[in-house]
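S.K.: Dock chains E, B and F against chain Y, hints included.
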Amino acid sequence: MTLLADATTTILPLRLYATLPLWPLLGALLVGLLVVLRRKASATHWPVVLGVAASATLAIVLFLDLPKSTTNAALQEHWKSGVSASQRAGELYAVFTGGASRAPALTYTLYNWISLGDQSSLCNQHWLAVNFYFDGLTAVMLLFVTVVSTIIVVYSIGYMRDHHGQPERGYERFFAFLGLFVFSMATLVLSGNFILLYLGWELVGLCSYLLIGFYYPRPAAAAAAKKAFIVNRIGDFGFALGIFTLYWFLTAGADPLVQHGENPLDYATVFKYVGALEPWQITTVALLLMCGALGKSAQFPLHVWLPDAMEGPTPVSALIHAATMVTAGIYMIARCTPIFGASPLALNVILVLGLLGAVLTATMAAAQYDMKRILAYSTISQLAFMFVGLGCRVPDSAVFHVFTHAWFKALLFLGAGSVMHALSGVIDLRRFSGLRDVLPQTCRTMLIGCLALAGFPLLSGFWSKDELVHAAFERHPVAGLILLATAGLTAYYTFRMFFLCFHGELRLPDDAAQPHEAPLVMIVPLWLLTLGAIFAGYLGVTFAAGGESFLGFIRPHGLLHDYLHDSTIGTPEHGHGGLWLMYVSALVALGGIGLAWARFGQAPETDPDARALGGLWRLWHAKYYFDEIYDYAFVRPLRNLGRVFSATDDYGLDGVIWLVAAVPRSLSFLLHFLQRGALQGYALGMVVGVAVLLLLWNLIGV
Amino acid sequence: MLLPYLLLGAILFVLGLIGFVTRRNLIIMFLCTEMMFQGIILNLVAFGRYPLKGAPTFDGQVFALFLIAVAAAEAALALALVVLLYRYQGTLDANAYRMLKDE
Amino acid sequence: MPTLLIAILTLGAVGLFLALPGGRADTRRVGWVVLAAAGAVLLALLLQLVPGADPRGLFAGFALVAVFAALRVITHRKPVYSALYFILLIFAVTGLLVLLEATFLSMALVIIYAGAILVTYVFVIMLAQQSRPAPYDVKSREPVWGCLAGFLLLILLARQIELFLVPAQRTPLPAPVAEAAGTIEAVGVPLLTEYVVAIQIIGLLLLAALVGAIAIARRRATPRVESEGDE
Amino acid sequence: MTDPTIKRIETLLRKPGVIFGAGAAILLLVTALLALAFPLYKPLLSAQFPFSMIVLAVMLALILSATAVCILAERKIAGFTQDRYGPNRVGFWGLLQPLADGLKFLLKEDIIPRHVDKPLFLLAPALALAASLLGFAIIPWAGQVRWPWMPPDAPPLSTQVANLNVGFLYLLAVGSLSVYGVVLAGYASNNKYAFYGGMRAAAQIISYELPLGLGLLVVLLVSGTLQLDQIVQQQAATGVWNIFLHPVAFFLVLVSALAEANRAPFDLPEAEQELVGGYHTEYSAMKFAMFFLGEYVHMITSSALMVALFFGGWHVWGLPGLENVTWWAMLVKLVAYLTKVALFIALFMLVRWTLPRFRFDQLMRVAWQSLVPIGVALLAATAVLTYLGWQHNVWASLAANLLLLVVLLRSAARSKRPVTARQDDLPEVDVRPTA
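Chains as they are written, first to last, in numbering that gives the first Met the number 0: chain Y, 0 to 701; chain E, 0 to 102; chain B, 0 to 230; chain F, 0 to 434.
I should point out that these hints are in silico values taken from the structure, not numbers from a laboratory.
Where hints are given, some of them may not hold.
Said to hold, decoys possible - Here are some chain B residues pointing at chain Y (derived, C-beta under 8 angstroms):
{"#": "1", "residue": "Thr9"}
{"#": "2", "residue": "Ala35"}
{"#": "3", "residue": "Arg140"}
{"#": "4", "residue": "Val143"}
{"#": "5", "residue": "Trp144"}
{"#": "6", "residue": "Gly145"}
{"#": "7", "residue": "Gly149"}
{"#": "8", "residue": "Leu151"}
{"#": "9", "residue": "Leu152"}
{"#": "10", "residue": "Arg158"}
Claimed, not checked - Quick list of the computed label-pair ranges, beta carbon to beta carbon:
{"#": "11", "chain 1": "B", "residue 1": "Ala197", "chain 2": "F", "residue 2": "Glu322", "range": "41 to 49 angstroms"}
{"#": "12", "chain 1": "Y", "residue 1": "Leu457", "chain 2": "F", "residue 2": "Val383", "range": "55 to 63 angstroms"}
{"#": "13", "chain 1": "B", "residue 1": "Ala197", "chain 2": "F", "residue 2": "Trp326", "range": "45 to 53 angstroms"}
{"#": "14", "chain 1": "F", "residue 1": "Gln81", "chain 2": "B", "residue 2": "Lys77", "range": "41 to 49 angstroms"}
{"#": "15", "chain 1": "B", "residue 1": "Val143", "chain 2": "F", "residue 2": "Gly223", "range": "19 to 27 angstroms"}
{"#": "16", "chain 1": "F", "residue 1": "Gly223", "chain 2": "B", "residue 2": "Lys77", "range": "42 to 50 angstroms"}
{"#": "17", "chain 1": "F", "residue 1": "Asn392", "chain 2": "B", "residue 2": "Leu205", "range": "27 to 35 angstroms"}
{"#": "18", "chain 1": "E", "residue 1": "Asp92", "chain 2": "F", "residue 2": "Gln81", "range": "50 to 58 angstroms"}
Ideal Cβ positions, reconstructed from N, Cα and C, are used throughout, including at glycine.
The shape of chain Y in the complex, shown without the other chains (with noise of 0.2 angstroms):
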């Protein structure tokens, strides 16, 4: 069965494609170099700016480079005839990996890493390479991943100073760790197998600590580090047992499923063997590596580290915390679909989990008023909708939300920051409004981002938006309008934001002495981030002639869901009818910023919804006592439980070590008369014992 167009392989040399991590690493040991040499701080930037930008040339040129399927269409007829879940994972392998017929997933294997199994029988040789996997979801990942991070590693040049222009303690400090972060997100994303999936997963989250916790004297900067750490570890902890279990499951036994030679974690491996593995299997297996998810993504139970690392410099919320970090947890569903979409369990759990995250937070954000906690929360719970979407089975559609939403909330990230950097870093809406002149590139950046981020038709967030909530209906009404409803919140939170921020009259904060717009070095990459927010979506639509969709020539599901169907995503194509739902979202879009206009317009200085909703709005201000419920649950028990134990060590233990060392002691005093001090005496006294010993053996016999 020829599924697919022939293979062909990229222009370029595949280990050219395979440097594209090292550059930002090599840019971040060098700026750690200079600062051994002593050069002077200002110019230290300069090593992270090129390796990531190098990185970002070299995404863009691999996302034009990559082979591409002709069609697929082979196998979506062979699918809508019904076949089981298993089945599909099984024969989506063979796709991807191509059989005969094609190769779109290349692979390009630098060293084997670690051995496993039994090396010196030669039946049962596998390997732990290091090696990248290079198809559609890597390249679009890698696409948003390496160029947003080049303009916000940019953007840095100007937000990293003080007022006089001077770079601030630890400059070089945070252009080494956002080259390092680069290279562990671009490690993550290219990586081959789950263990190299796994070492770059956890030095993302280690770069997270590093730069949540870049003011680290300011205790609460700290206290987030540690926070976003441990609750990372929590779903790492879920994670890691799911890459084990998978493991046991594809090589225990007799007769394992993994045969010689094959390295057992390669993705390649797993999702050929996936598809044998019982129903039961799978569902662990995609129920623990959710949990990893859960953890990265900031999902439901675990999304309370995503606020509190606000602490760090804004350019590392942009980053970490919008763009890209957050979206391994969506890369690595998406990239194992084979087992998650095996699982109707799994997939269920992440879509109600998905939903509540999307609401919860979705009413959190509406009542906060530091900009950047909104932002935080609007992040959460638009990495709910990429959730609710791989819950549906469309992870294409997941990641294009993935896509766009990178380009818009950085870019409502760094004008945050520019606000902040304007007004001496004071962020609480309710200290100032009536920014729109005093910043007026900001204003206009921002209200882009804005109207991206709310949905506004034709803007990039409108179009990835719409093909969730389109998914979420198509799965269950209920789930559809949940969705809608949330993204008619985020429209008007969104807005109230905005409206707070720049509408009214001007008030300023009375720490900031001279409120101004930012240096360019900063407008231009918030610029090019707004060129992003605007087209980013047109991406993934199909411009086609018929008066079947919106504004007659647009239709979902364009270029970048054919180019991920390359990938192991490869879903089955979902119908685009109920272009109804394109009205609808955008009215609900409008209707959203409507009423954010009439509550908020004038920048009041009450916030009306508290009197208005009362209770419900202190609840949503308050979290829903989040934290406060984990450490009435979690924390404070487990800090007992360690009083226990360590109470236990102290006495019982160390008692029974008392005693046991006491024998000996008491033995010493009857023998210590024997203890001359003579070094030669002791030697002879080892003499004649040989001798006896020897003796008493010539004696007894052989």
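M.R.: This is chains E, B and F only, laid out in the frame that chain Y set:
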């Protein structure tokens, strides 16, 4: 061919031992331990050359090499200690250093 | 043979006891005569055990030198001479190692022992040298017990070696040795493949010894006499 | 003085024609004798062992007489450096000066002071000379040779006394013994200055053995063998001397060789200004001459070793190469080797008369703080090159050396610590006059 070497090794070992027990000069005592090493090296290499069964191996030589390294380490530490002790009391008599005795 | 061996070794013990520093000059001389007699008989015995013609004389020569040097090391009253006789012992052992076809090891022995370790000994001995022979060099400590225990051990060891090598294997024929025996390659390959952990541990040990030696040597010891005077 | 016969003889001896003529006559005589006895030598010359013995005898004679020439050369070069004539009285151009020196040494009174440790006092000079002489056993003087009367399928003979498979490890082993002669001389003399000299020598020789060994190890890594003749053959086969691959290693070995031979600028053990005469203060006549001889022989050994390791041994481009094993090629090779050695000796002497002496703490610091780290770094670099299979690549090796050098100079320049700085923990010297 093995027996004479083993006997010679044993003789060197025991002579070193006797020296260690009877001489009172700290340096000579350590020299005697080195002599015991010589006996052992001879033993090891002889066993490697004339194994009780099978073809000769080089494992004996390898272990002898390890022994030399240990001897070097011992010499470095022991001599440093001896110099320190000499500075401390001005004598190398082993009987003078009995402070470790439990009084 | 055992009785003969026991007799020889007892003779050796007596000789060594007499030759150890402590007695009068003529008793030491008597001791040497006894030792020489014991050594001669022992040598004859050993030679009887060595088959073949060629290496016999060389082995005998080196063995004689080795035992003589070892005896001088433990009986000489001047530490410098002890150290020099030890170098002689090393050369004898080197010769024996060459006979055993361990050329690399023999060179390593000379370089490390004669070239480094013994130089340090000589150095320290010279630094601690006093104008006249120190009393602790002139008089040995419990020579009776030392010689007795040592030679008892030697007799037992010899007996064990005898028992250990069952008669059929007492003189295993010299097996053919590979072409490259004793070269640096022959020793180096097992060193860095089979015993690589051991070599790393040895490296660690040497490092520890280095650090320890420096740490000890840098310490400035306060002479005990002064500290007592202070109190 | 006024005796006309003596005067005539003196004037005769000053004429170059007489000296060279006499030399040529002796040479002719020996050649004639050899030619007469030649059929007797034939079988002897055809087997390796007797041939090696002959090489041993010839080279020993050659070297011992060469030391005599070296003494003359030393004084001539000293004269040249200091812009004076040097010895020019005995024989034409002072050519018979070594003879006179030797006679003087032999005829002086041989004193053994009463307070010395006599056996060691006698042993020390012998040890010093013997340790130096032993090294000659493994120098591959002239490659391989096959005499015309040997059957063509017979393996060619090696012009080496002993072809040990431990190669230059033997040289290291023997070299490490040379310290005993000096130390024992210092100890046995029972003299404070001699003792200091001996101590200094011991510390110096032990310290400089390390960089020497490291430099040699670099060569070992490059060549993959310890046997000197094979190392020379490799260089001859490729035509690339090891000096082109590892100049830094050569530098290490050169400096260490200077120090091991107790030559200036490392002649601290016999620094006259500080230690009277150093470890040989109490020695006189022939025993002193043996120390002297030992030093020169050591110098020749080191030179021969360095020529073999770094300068291609007997190999010179354009001259008969590896495959040419005829007897005349052997002679050419021998001459080439000896010429190189002679050049090295001249370099040693030039160094001695140009460079000032180090202070002792500087000497130790040079060894431990610069040479040993360089050696270790170079060894690591060469190991990496060998691992990559590039150890014979000139450019890679040169680049590694150059990089090392640059890093080194850079760090040395950055450390801002003058080489001659006084060591920090040396005790303060009280210069106040004592009352």
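S.K.: Determine for every hint whether it applies to the structure shown.
M.R.: Status of each hint after checking the structure:
1. Thr9: violated, 14 angstroms
2. Ala35: With Cβ-Cβ at 25 angstroms, over 8 angstroms, it is violated.
3. Arg140: holds, 6 angstroms
4. Val143: Status violated, d = 11 angstroms.
5. Trp144: This hint holds: Trp144 (chain B) lies near chain Y, its Cβ roughly 6 angstroms from the closest one there, short of 8 angstroms.
6. Gly145: This hint holds: Gly145 (chain B) lies near chain Y, its Cβ roughly 7 angstroms from the closest one there, short of 8 angstroms.
7. Gly149: holds, 6 angstroms
8. Leu151: holds, 5 angstroms
9. Leu152: holds, 4 angstroms
10. Arg158: holds, 6 angstroms
11. B:Ala197 / F:Glu322: 41 to 49 angstroms: Given about 45 angstroms between the Cβ atoms, the range holds.
12. Y:Leu457 / F:Val383: 55 to 63 angstroms: Once the Cβ atoms are compared, 59 angstroms apart, the range 55 to 63 angstroms for Val383 (chain F) and Leu457 (chain Y) holds.
13. B:Ala197 / F:Trp326: 45 to 53 angstroms: Holds, since Ala197 (chain B) and Trp326 (chain F) (Cβ atoms, about 51 angstroms apart) stay within the stated range.
14. F:Gln81 / B:Lys77: 41 to 49 angstroms: holds, 46 angstroms
15. B:Val143 / F:Gly223: 19 to 27 angstroms: violated, 57 angstroms
16. F:Gly223 / B:Lys77: 42 to 50 angstroms: holds, 46 angstroms
17. F:Asn392 / B:Leu205: 27 to 35 angstroms: Distance hint for Asn392 (chain F), Leu205 (chain B) holds at roughly 33 angstroms.
18. E:Asp92 / F:Gln81: 50 to 58 angstroms: holds, 55 angstroms
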